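The lines below spell out each chain.
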Amino acid sequence: MRPTATGEHLLRELAPQVLGAVVRRYGDFGAAEDAVQEALTAAAIEWPSSGVPENPRAWLIQVAARKLTDFFRSESARRRRETKIVLETPPEENVVPPPDEAHVEQDDTLVLLFMCCHPALTRPSAIALTLRAVGGLTTGEIASAFLVPEATMAQRISRAKQSIKSSGVGFVMPPPADRNASLGAVLHVLYLVFNEGYAASSGEALQRVDLSSEAIRLARAAHELLPDDGEVSGLLALMLLTDARRAARTGPSGEIIPLDEQDRSLWNKEAIAEGVQLVTEAMTRGTVGSYLLQAAIAAVHDEAARAEDTDWPQIVALYSVLMRLGDNPMVALNHAVAVAMARGPAEGLALLAKLDRDPRIKDHYRLDAVRAHLLERSGEITAAVRHYEAAAEKTASLPERNYLRMKIARLRAS
Amino acid sequence: MKFMLMMHAPRGTGDYQINQWKPEEFRAHIQFMKDLNKELREAGELVGAEGLAPPAQARIVRTQGDGALEVTDGPFAESKEFLAGYWIVDVENADRAYAIAGKASTAPGPGGKPMGLKLEVRQVMSAPPDSL
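First to last, the sequence lines map onto chains B and L.
Numbering-wise, our numbering puts 30 at position 30 of the first sequence, and it's gapless, one number per residue.
Every position in the second sequence, counted from 1, becomes a number in our numbering once 1000 is added.
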């Protein structure tokens, strides 16, 4: 969290620190969050002409505090109720912290993440609130990223704040006993933001905020605060290693290009190197969780110079460990693909039989798509086409459906 | 996840037979829809909602092979139901979309009784890829 970036980046990096300082002082998270948004907007308007103030953070805190004081004043006038502490102390004296409070700022970002991703919120609410309160995005930017009206997104954020208030979640670190569950919720929200961006970037709407980069930025912030947590490292690495393939994974019309057909010279080598290093370091530290394992799998893919160089036995081994961590049919499906690649399609197809009986996945398009792919590899083209068709009927992803239909058309033509 | 909730009304004897309702029945129906939309808007779930003009005014449009525009009265003669209106909602999961549709189905009709209209719920394409 170094304030070296300029303009928009600086504002967005400062957003959670400023909010933390204001909430710490005034307590009212909902109102403080609104006030900080107004301060960020004021800065975005004023700084380009007046120049960035010497201490931008203190500037933002003062403006936010003033907005909040105005708000409390009008509230208290309206309710004929005194809010003494706020009114009797000038905001400047009230909130500008001593210069050595750096550690508090950092903790504040983490506390904010835990608060915004609290399980009491629905995931869409948690995502929206995290992007605004921690990411410093405007409601309009978040709304356009998710293609919903701004008023709807504003309501979602305000509903999220109400949920926080009514569930009594305070601006404090979760107790140690809840720490893992809370961190899991944070990582899941960041993962969902990344996934949403991953889907969007394969299609149209280029003017949308890049949610994948935003998720990487937030995961990086979490990693800076918790450098020894394997799952935080794992999630950041997974994002970097997946995003590294961005330029290669879609064609000119947004069509999906599968991993084995991608032009690997387009992969982002810096992102891969960073991801691989994160994985390697975290792996030596001990407990290995599911994000770290997924990142390790992505690293094996990214380290292969050509598709045929992929170390499939290693990927099979990693999926086997992942399967032991929890009963997840999607992991079992990916494991079957890896087995087919390592030992031939017949063994992969045999593993799919078990999944046909699992109600969580038996009607999922990916089961059909994988079966189709393995049948195609075994030379059973008619059966492959049938399953590609079934998959195309079931998927809710437009690029995925186009990809499957293209597959069908090619197989029919051959 | 986004879903489109399409409310179908039966054809048959008169469009919706709504012009035979008593004023208070009509008012209660309108109020129900307004309240539902308000609830969805305040929950931050409403992407859009519209009621459609009655099917008597609908036209079926197509361009024939020779490039000629053809406009005929609609809707398709064989359909027993017509699309009365729709919502697009952005919700956490499919169950929430079904719950909203279920509520819309209880819109009051004559005598204030829930009409039990049928809603078709369809996911809007281009969902993010599946997570593990």
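Worth flagging that the hints you see were computed from the coordinates, not collected in a lab.
Keep in mind that the hints are not guaranteed to be accurate.
Distance condition first, Cα-Cα at most 27 Å in a straight line; then the derived BS3-like pairs of lysine-lysine [what the hints assert, rightly or not]:
| hint | chain 1 | residue 1 | chain 2 | residue 2 |
| --- | --- | --- | --- | --- |
| 1 | L | Lys-1022 | L | Lys-1038 |
| 2 | L | Lys-1038 | B | Lys-165 |
| 3 | B | Lys-394 | L | Lys-1118 |
| 4 | L | Lys-1002 | B | Lys-394 |
| 5 | B | Lys-362 | L | Lys-1002 |
No experiment lies behind these values; they were computed from the predicted model shown.
Going through the hints against the structure:
Only pairs whose Cα atoms come within 27 Å are accepted, and Lys-1022/L paired with Lys-1038/L is accepted, the gap being roughly 24 Å. For the suggested pair Lys-1038/L and Lys-165/B, the alpha carbons sit about 22 Å apart, so the restraint of at most 27 Å is met. For the hint pairing Lys-394/B with Lys-1118/L, the CA-to-CA distance comes to about 22 Å; that is within 27 Å, so the pair holds. The suggested pairing of Lys-1002/L with Lys-394/B holds, with an alpha-carbon distance near 16 Å, which does not exceed 27 Å.
Taken as a hint, the Lys-362/B and Lys-1002/L pair is honoured in the structure, with Cα atoms around 23 Å apart against an allowance of 27 Å.
In summary, the structure agrees with every hint in the numbered list given earlier.
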